[in-house]
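A.B. asks: So the protein sequences, as listed, match chains A and B.
Heads up, the first sequence is in the numbering used here, so the first residue is 65 and it goes up one at a time.
Heads up, the second sequence is in the numbering used here, so the first residue is 606 and it goes up one at a time.
Hints are computed from structural coordinates only; laboratory data are not their basis.
Residues on chain B that point at chain A, a partial pick, calculated with CB under 8 Å:
1) R617
2) N618
3) E621
4) L663
5) P664
6) T665
The following residues of chain A were derived to be distant from chain B, with all beta-carbon distances above 10 Å:
7) M65
8) Y150
9) G253
10) D268
11) G272
Glycine residues also receive a C-beta, built at the ideal position from the N, C-alpha and C atoms.
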Amino acid sequence: MIKLVPLPRRSPLHRRLDGLGAEWSFQGDAEVARHFGDPEGERTAAGRLALVDLSALPRGGYKGPAAIGWLAGLGALIGPEHNRAYPQADGSLIAKLAPTEAFILGPADGPADLLAAWEGAWNAEAADGAWPMPRRDSHCWFFLAGEAAPAMFAKLCAVDLRERAFPLHAVAQTSVARTNAILVSGEIGGHRGAHLLADSASADYLFGVFLDAMDEFDGRPAGLAAIGALG
Amino acid sequence: MKLMHCPLNGPRNISEFQYGGVVKTMPDPVAGSDDAWRDYIVYEPNVAGPVLEWWCHLPTSYWFIAERDTVSDRIIRTMPAAEMFGATPAAGDET
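Extracted from the complex, chain A is given alone in its bound form (with noise of 0.2 Å):
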């Protein structure tokens, strides 16, 4: 007889991860990277450039004419302006994509309270014109932290991502790298950086592309301990 064990959530970058030496931690049923074997220093590279994968967490969507009014009617901040983040209480991210969409980031330093509320509370009739867009399988997910990052990005993307255009939780749905991508303007243990989101197929390629470009910043991967997400 099969004996089914639940499997925890993994990166489509774990191989990956792994053959750079991480080191693994659970955040809640995701299966993370701690560190690479040198913390401090990915601490400091956290300030300057670093990238850290945070596919495996938590994250999910709504979409339609109603998707808005029902994320709000369920205690949802959700300001009136599209392309533009809000942030919740329990320290996950809306990013209003559109009038009618809407993309959530789980928070990267503890459990994804409401978004898991939110899809519990969801079905077709409560919840009609607003349909769940499922991200977490859809998307890779990563963030870039550090000072670097805008003139990093600055190689791959045509949108201007330093702070006088690009400011704290701002949104830009653009081309990185000739990908198509969601950059969300950010803040995670303090450090300031962009989240990018992606089709999960690309992010092989996404991460190769990010360790080329960030060789001349001094950039580095770093594990969600660099960016306080794992305490």
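Here the structure of chain A is known, so what remains is to put chain B in place on it, guided by the hints.
C.D. replies: Relative to the frame of chain A, chain B by itself:
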């Protein structure tokens, strides 16, 4: 690089956009004649000068309408489809 103004996302490189053809009036799905459907599907007006066209911002799959001068290749203006067709709030803004 040439820039285009996406009504949803703002100015973006032209490489982020896909041309979708001239805006044409679709024949009535029930009463439209074969000739009308042939003209709609096969023939292009090929106007020299300002013309209304469908364009798509690929990263967001957002379709909108642009007015472009086919002689100078200058993009005169862009607008959500709802501005032309007066659709429901969702249809004009959906990504």
